[in-house]
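> Spelled out from the first residue to the last, the chains are:
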Amino acid sequence: MSLSPEQVKQVAHLARLSLPPEKVEPYARQLSNILDMVSQLSSASTDDVQPMAHPLEMVQRLRPDAVSEENRREAFQAIAPAVEDGVYLVPRVIE
Amino acid sequence: MNWEAVIGLEVHCQLQTKTKIFSGAATAYGAEPNTQADGVTLGFPGVLPVLNGEALRMAVTFGLAVGAEVAERCVFARKHYFYPDLPKGYQISQYELPIVGKGTLDIELDDGHGGVTHKTIGITRAHMEEDAGKSLHENFSGATGIDLNRAGTPLIEIVSEPDIRTAQEAVAYLKKLHQLVVYLGICDGNMQEGSFRCDANVSVRRKGEKFGTRTETKNVNSFRYVEKAIEYEIQRQIEVIEGGGKIIQETRLFNPDTGETKSMRVKEDANDYRYFPDPDLLPIVCTPEYIAAIRASLPELPEAKRARFEQDYGLSPYDAKTLISSRELAAYYEAVVKASGAEAKLCANWVATNLLGALNKIGKDIETTPVSADALAGLLKRIADKTISGNGAKDVFEAMLAGEGDADSIIKAKGLVQITDESAIVKAIDDVIAKNPGQLAEYRAGKDKLFGFFVGQAMKATQGKANPDTLNRLLKEKLAG
Numbered sequence: 001m002s003l004s005p006e007q008v009k010q011v012a013h014l015a016r017l018s019l020p021p022e023k024v025e026p027y028a029r030q031l032s033n034i035l036d037m038v039s040q041l042s043s044a045s046t047d048d049v050q051p052m053a054h055p056l057e058m059v060q061r062l063r064p065d066a067v068s069e070e071n072r073r074e075a076f077q078a079i080a081p082a083v084e085d086g087v088y089l090v091p092r093v094i095e
Numbered sequence: 001m002n003w004e005a006v007i008g009l010e011v012h013c014q015l016q017t018k019t020k021i022f023s024g025a026a027t028a029y030g031a032e033p034n035t036q037a038d039g040v041t042l043g044f045p046g047v048l049p050v051l052n053g054e055a056l057r058m059a060v061t062f063g064l065a066v067g068a069e070v071a072e073r074c075v076f077a078r079k080h081y082f083y084p085d086l087p088k089g090y091q092i093s094q095y096e097l098p099i100v101g102k103g104t105l106d107i108e109l110d111d112g113h114g115g116v117t118h119k120t121i122g123i124t125r126a127h128m129e130e131d132a133g134k135s136l137h138e139n140f141s142g143a144t145g146i147d148l149n150r151a152g153t154p155l156i157e158i159v160s161e162p163d164i165r166t167a168q169e170a171v172a173y174l175k176k177l178h179q180l181v182v183y184l185g186i187c188d189g190n191m192q193e194g195s196f197r198c199d200a201n202v203s204v205r206r207k208g209e210k211f212g213t214r215t216e217t218k219n220v221n222s223f224r225y226v227e228k229a230i231e232y233e234i235q236r237q238i239e240v241i242e243g244g245g246k247i248i249q250e251t252r253l254f255n256p257d258t259g260e261t262k263s264m265r266v267k268e269d270a271n272d273y274r275y276f277p278d279p280d281l282l283p284i285v286c287t288p289e290y291i292a293a294i295r296a297s298l299p300e301l302p303e304a305k306r307a308r309f310e311q312d313y314g315l316s317p318y319d320a321k322t323l324i325s326s327r328e329l330a331a332y333y334e335a336v337v338k339a340s341g342a343e344a345k346l347c348a349n350w351v352a353t354n355l356l357g358a359l360n361k362i363g364k365d366i367e368t369t370p371v372s373a374d375a376l377a378g379l380l381k382r383i384a385d386k387t388i389s390g391n392g393a394k395d396v397f398e399a400m401l402a403g404e405g406d407a408d409s410i411i412k413a414k415g416l417v418q419i420t421d422e423s424a425i426v427k428a429i430d431d432v433i434a435k436n437p438g439q440l441a442e443y444r445a446g447k448d449k450l451f452g453f454f455v456g457q458a459m460k461a462t463q464g465k466a467n468p469d470t471l472n473r474l475l476k477e478k479l480a481g
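Residue numbers (my numbering), protein chains in the order written: chain F, 1 to 95; chain E, 1 to 481.
Looking at chain F on its own, in the form it has when it is part of the complex (with noise of 0.2 angstroms):
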């Protein structure tokens, strides 16, 4: 299986990481080896397996339905970049 380098780009680009364009072509190389090498499991039989969807042979806990944190806005707030009446502050997201 290989990776093309506009998969690269793409995939960082969605990751939001910034990729240097002479870091594309090893990167798609690396991850066509990592894939490959998962790749080889596909070769197993799986009929009878249930998809593993978590490596904790245990089931999820619950928690009861009850307040349990209370409002620390301010602690949180002090450590934001922009707040203002309460709200924190971001780039535009429309226009």
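If you are wondering where the hints come from, they were derived from the structure by calculation, not from laboratory data. Don't take each hint at face value.
[To be verified] Over 10 angstroms on every C-beta distance to chain E, these chain F residues come out as not near it, computed from the model: (1) S2; (2) L3; (3) S18; (4) D48; (5) V49.
[As the list claims (entries may be wrong)] Short derived list, chain E residues pointing at chain F, Cβ under 10 angstroms: (6) T41; (7) L97; (8) L109; (9) A143; (10) G145; (11) I146; (12) V285.
In this text the structure is predicted, and so the values were computed from the model without any measurement. Backbone N, C-alpha and C define an ideal beta-carbon position, used for all residues, glycine too.
Given the coordinates of chain F, work out where chain E should sit on it, guided by the hints.
Showing chain E alone in chain F's frame:
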């Protein structure tokens, strides 16, 4: 010509839990911005989500109520996208293994001739996920404000099969679904506050052809807007195709001011969500015992209640439908019947017509009614035992609405007790007959219409308090001579 629309709806329904789906922060509506946004909601490093058991119970409740299979094992997945209303860069949702599988919902449609037809709409699935925060684009010069109180509120997303063919069917389905989730007590159903929101997938095709390309109209927040948005979108698509154009698969927004939908022009990669199982959450297991316990605790559902009301109380389908429209109204009605001992039909008329009409006028509902079920029952008792007439009862009811006391004290204070003492009525009738010898002669000569005249005169003589049945009977005897 001969176009047919194919419509599927995705409904986001906020679950009525006290806390978020994965953390113990409150979910109360209308709190000061970000006062209910804890470390998990904010996506801080090192935090871990833990599933709210009540959210799971509510999702299972929904599945059972639509006859769906509830998964004994389901899994949460990460859905990745970058948007500031979801700080951790992904939404925890469900993908391949949702909690609720295929189910159905029956809807009722006007057949255009005063009757109804029924149709079954398939439900593809329902899955649990977290809501996102709110972006505020005004009032922050050059910036966008983010309030994360809503982020992490538990949702179920209910996906319908593309079984819906008209905007009217879509609205009928939505109303039915809305009634159901409110009945189940899993959602407050408040559409203005966004507790129940709908995305509509619409495509058109010539009858008999395969599905056309669909568009998705997002977040339409009232039944009326859903109808308008779908109607607009159907018409727009037909015009595009008949004009030689092609429908582009895209997301659109409905503008209530213009009644039009408009393309959102999102980037092409917006739908590359790269789902994978969330390693922070273990698989959720619902044992058969757990599911059976929830099934046993399901409330009586709207359809069953309606059938029972028709059967047990002898109500018309229309009255039954009105009275079961909410659990509170149905409970009110049943309390009135029980406490008054009056005829079920009389109680239905009073609750469905007089009470609801009055509440509507004063801007209240069944939960805030100034006249309790017991109080109304007190009035109906006095109609049933003929203490007051139907007209008198209306006066008493007005006074009860105005807070003047219970039925018996108002009847007494207003002197509305009917005269049932026959001798008093006979005396009034005798007076009237004696005063009107001319009319009496005419009546006896065959002018039957004059009976009404005598009733009127006798009623007047008793200040309208004579029991009408008794008065009629005695008058007839007397006039016959």
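> For each hint, tell me whether it holds in the structure or not.
Structure-based check of each hint:
no.: 1; hint: S2; verdict: holds (19 angstroms)
no.: 2; hint: L3; verdict: holds (15 angstroms)
no.: 3; hint: S18; verdict: holds (14 angstroms)
no.: 4; hint: D48; verdict: holds (16 angstroms)
no.: 5; hint: V49; verdict: holds (14 angstroms)
no.: 6; hint: T41; verdict: holds (9 angstroms)
no.: 7; hint: L97; verdict: holds (7 angstroms)
no.: 8; hint: L109; verdict: violated (38 angstroms)
no.: 9; hint: A143; verdict: holds (4 angstroms)
no.: 10; hint: G145; verdict: holds (4 angstroms)
no.: 11; hint: I146; verdict: holds (4 angstroms)
no.: 12; hint: V285; verdict: holds (5 angstroms)
Consistency with the previously given hints fails for number 8 only.
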